[in-house]
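> Turn these sequences into a full structure, and let the hints guide you.
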Amino acid sequence: MYKWGYVVRNVADAADPPRAARYQVQVWTPEELRAFFGSTKEDRHGALWFVYAATGMRRGEALGLRWEDVDLKRNELHVRRSLVTVGHTVVETEPKTASGFRTIGIDTATVAQLKQHRAAQHQDRLLAGPAWTDSDAVFSDELGQTLHPNNVGAAFRSAVRKTSLPRIRLHDLRHGWATMALMQGVPAKVASQRLGHSSVAFTLDTYSHVLPEMQIDAAERVAELFHQPSEDVGS
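So for the sequence shown, my numbering puts the first residue at 58; every next one is plus one.
No lab work stands behind these hints, which were simulated from the structure alone.
Be a bit skeptical, because a hint or two may be false.
[To be verified] When the alpha-carbon atoms are kept at most 27 angstroms apart in a straight line, the in silico DSS-like pairs for lysine-lysine are as follows:
id : residue 1 : residue 2
1  : 153       : 246
2  : 98        : 219
3  : 246       : 130
4  : 98        : 130
5  : 98        : 172
6  : 172       : 130
Just so we're clear, the structure is a prediction, and the values are computed from it rather than from any experiment.
Structure representation (structure tokens):
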């Protein structure tokens, strides 16, 4: 109406729209994470939980991995697609932004997990015989079919309930990686690129709760380079 000149002002401009409550990031400590891995080492999805925690990948990104995206000799994963749900239907999509397409370096423990997982998947293939679906999915069901993201979320909640650990969401494993990375001194730009964020500013805003401790640690590290104990001054 305002655009067409029927009213002299847009009353909506005076409104204060409600703001969505910001989710408070919940993460496990390294000790709690180790306890979870200990309780799920025989879990069918154990390798998947490990990859989430060790890479910071989004739920759909890990489920969209194919073995052609995995280079265990160079210790790299290539993010090229994601599995998302539309209603209850699984749809394969490309990353929304250029930063979503990325290569993630993985540590030797993750490489070992993936090798063990590939061997277990090979056994599934032998047992399934002609019923096997050759999807090339890294994480698949007993017949080789891709996993439904909603079912994976439910499986994670079930695994957590079997422990005495604080209840967190599957997505919080991603938050946990980012938090630990920043606390360990990983440059924000490197963490941002690994997470597939559109900007470093978004990464720092999302994990602003980590910054105060990082500031103190930075102050101590720099001071160590030039600080002398008071008794040594002037000696």
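> Taking each numbered hint in turn, which are not upheld by the structure, reported in ascending numerical order?
none
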